[in-house]
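Mind docking chain B with the ligands on chain A? Use the hints.
Protein chains in written order, with our numbering: chain A, 1 to 458; chain B, 459 to 1009.
Where hints are given, some of them may not hold.
[As the list claims (entries may be wrong)] With a straight-line cut-off of 20 Å between C-alpha atoms, the simulated DMTMM-like cross-links for lysine to aspartate or glutamate are:
| id | chain 1 | residue 1 | chain 2 | residue 2 |
| --- | --- | --- | --- | --- |
| 1 | A | Lys9 | B | Glu605 |
| 2 | B | Lys928 | A | Glu97 |
| 3 | A | Lys349 | B | Asp588 |
Please keep in mind that the hints were generated in silico from the structure rather than gathered at the bench.
These figures come from a predicted structure and were not determined experimentally.
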Amino acid sequence: MLLRHTPLKIQDRKALSVNPAKTCQPIGAMYAALGIHGCLPHSHGSQGCCAYHRSTLTRHYKEPIMSGTSSFTEGASVFGGQANLLQAINNIFTIYEPDLIAVHTTCLSETIGDDVLQITRKARDDGKIPEGKHVIHASTPSYVGSHVTGFANMTKAMVNYFAESTGKKKNQINLIPGYVEPPDMEEIRRLAELMNLSTVMFPDTSGVLNGPQTGRYRMFPPGGVTIPELISTGDSMGTIAMGEYASGDAARVLDTKCKVPCKILDLPIGLQATDRYIDALRKQAGTEVPAQINFERGQLLDIITDMQAWFYGKKVALAGDPDQMIALSEFLVAIDMWPVYVVTGTPGKIFEKRINEITKNSPYPVKVKAGGDLFLLHQWIKNESVDLLIANTYGKYMARDSDIPFIRYGFPILDRIGHSYFPSVGYRGGMRLLEKILDAILDRKDRDSPEESFELVM
Amino acid sequence: MVIQNEKQCSADLEGLDPQEVKNDLINKYPPKVARKRSKQIVINKIEKDQPVPKIQANVRTIPGIITQRGCTYAGCKGVVLGPTRDILNLTHGPIGCGFYSWLTRRNQTRPVGPDAHNFMPYCFSTDMQDREIVFGGEKKLKQAIEEAYNIFKPKAIGIFSTCPVGLIGDDVHAVAREMGKKLGINIFGFSCEGYKGVSQSAGHHIANNGIFANVVGLDDNVKEGKFKINLLGEYNIGGDAFAIEDLLEECGFTLISTFSGNSSYDYFANSHTADLNLIMCHRSINYVAEMMEKKFGIPWMKINFLGADSTAKSLRKIAAYYDDQELIDKVEEVIAREMPAVLKAQEDVRSRCEGKLAMIFVGGSRAHHYQDIFKEIGMRVISAGYEFAHRDDYEGREVLPTIKIDADSRNIEELEIHADSKRFNPRNSEEDLKRLAEKGIEMETYNGMMSDMSDGSMVIDDISQFETEKMIELYKPDIFCAGIKEKYSVQKNGVPMKQLHSYDNGGPYAVFKGAINFYYEVDRMVNSKVWGYIKAPWQKNPELSARYACE
Ligand code: SF4
Ligand code: SF4
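Chain A extracted, bound-state conformation (with noise of 0.2 Å):
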């Protein structure tokens, strides 16, 4: 046993983090920041958080992660990281040629208090940004929320550096995707853009984070919003944001920020919450769905249909995101399976509450935490099994402690392939979705299914 030592009593614990359900918030900014196009994202802070970071974010997508540190020492901490930070400004633009850095702080820098804005503005008057370059920045403290709160916070530095209203409207609209993987943001804005709208997206991974093998690195590749498109936001009719914790706060800074109304959404996970999505694009589009939407509704559909059997009333464990945890439990009840344990390690007030109305049919009693962590999940795994798990990479150890099928989903996912190219968004998503539940709950079928009822065609 890998877990031998996670008991069936649960005990209290205010203190004890075991085995987390979330990580620190510099490294959904340095995510967030290679969305922008050009962007080197930097870490004001000693030099281990950068190297953790970009360590956790090359094993989840298989691709080169750069950022610069300021590499404290214990003077810096000391006396402050100005000189650290003025230095690698300097040095990045002069070495790697960057068109903007997004520097996020740490732990250490935030308790030190370093004032970063004042710092750049300082690197600016001294002459170390060179023309059209920037350097953008967000406070991303981890001893407050987690790594969502650190890719919001750099998701709204985008539109209170950049976004402008020039009081001209421009034909297109802004899509905030939230924290999800690269091909999601490719589906979010093909889906978008079949409906006839001009967008802009930021952040967008995609193409810099799923890039080819082309025997020559580009530290920037050719994907990521670019700077003119982030200036034009404050300019666009309107803004779709998905996932309250990831992209709320953008929306709502660039909403008082430039007057672009803006509406939430959840991530278009699984059927309705699509369909919510491909709703607001309609109106905000004022014409017809297209009929390729409508097929690729249909065939999500008919998946549905014809497996209903195997989904029904299938019970289910979930760790990850907020944001993903809210829409993918909607979904799996839209396929009458029900998430009996659903946790997130990200605080919050409101996930409770989703989950809770989301789940408020279900059959089992359901047990839901903000701020929770995987040893807590296993333990009411093992008081009271389920019938699948969904969870990151750490979820396989309690997969297979308990024998429970189970899907990679989240983040980090450090031992597979896949999330990098195909989307779990839209309908499109959704039938990958499906298609993993199904080779999960089915695979397992056939290894425990007696010989007698073995069967070929299910």
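Chain B with the ligands alone, transformed into the frame defined by chain A:
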């Protein structure tokens, strides 16, 4: 241990003037940066009876340069203590540091039974919140320890401090003492805040100090067995320690403790009963070896179990140290049995890899050790460097007295160690030492990497991303060895990249069987078909005229 290699005399390295290459590496840097980097980029010089050139190492990384280095916490919790299965490692800090060091290093471990403690699949953290940053985190830490004890009943708890802890002034050592007394188990703290040093290296030192001061020597029971040794600086990544354990046992050695691959608290506690310490990774663990020598009189020697020749040499060296005919014979028997398969594999792989170029930029010892394996299949390492080593790892321990102690190194406590009044027992008399010296058995020395590298090769300390890309562009190596952060930028350049921190998902590579694994791993990577597909047919042959004829 010196492995002689044919010394190249030509000043050229693969047809390029190394001095010009060096200029290419630093020309783009701002002048101050270039000056500093130029001391860390050295063209090796091998002259008879002359020391190798001086290199600057273990100095601060320049902000913004894109380094691959990590932090003190990573070196302490992640590297040295992480592989120990039955110490409950509690990270005191915000969630990230603990999360990232959770199972990511591929240290393998084998608990002795189904009920034995194994906390390695778990991540324990105090998940510090803003309230603790403002009001202090000691209370939460105490409570977390209590909760951990109640649920897991470990025999020992290690507390690892992350950056904010030092700043807010939490005294983890006082908490450790208090809670240790209260719960009746061994609890110890590490002040391994990330900013404490210039790299992971400071964390190794802090871990060495902590484990030595708090655990080593607690169990005086003397185990049965002959030729009692400790293996130091072997972390069982990809199962290396398992392979070494098997080999040592077969030869007749008794392994008391490994620091710290496949290790257990009890082994550490008992490790002072060994009679010899063997050092694999000099950088991360030499402190423990020195402290054990001073306090208990245990001598140490540098060995290397990476590469078949190095393994054979190391085994012979240890056997010669013990000077026991039965042991010597057994060692020879094992070597004789293992070598035919090794030579056969070498010959096979050489036919496809001979003459190819490799570069290695990792850690604190593997950049040296892996050169031996590459040589065995006829490949040449034309450039290498460490991520966090010190000058002695490059130039040899003779330079130790000349290394300046700077502010960053002064940060790390040097424990004052005295001979233990009861248990100090020098394992060798003056005569023994003389006899060993006469036989050419080098004790307490390490000659560093550079003397084993060819004349004109490039030695680069703490290589930056920019320099990495330049080296690849200039030399087009056939394989590049480094860590996860460099992996995919290298491969996107069409060059296979082998991780030598985590081994990707391979291993073991240690001892004879591991060497064979590594030969074939390199063979697979260097000769993979994929490198031939990068250009699509239409990119190779862009003309557009088409003929559709049934020829
Ligand atoms: S110190 Fe903070 S920012 Fe750095 S890794 Fe730890 S939690 Fe994350
Ligand atoms: S906060 Fe400090 S201890 Fe934690 S990863 Fe960053 S540098 Fe290391």
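We went through each hint and held it up to the structure:
{"no.": "1", "hint": "Lys9/A / Glu605/B", "verdict": "13 Å, holds"}
{"no.": "2", "hint": "Lys928/B / Glu97/A", "verdict": "15 Å, holds"}
{"no.": "3", "hint": "Lys349/A / Asp588/B", "verdict": "18 Å, holds"}
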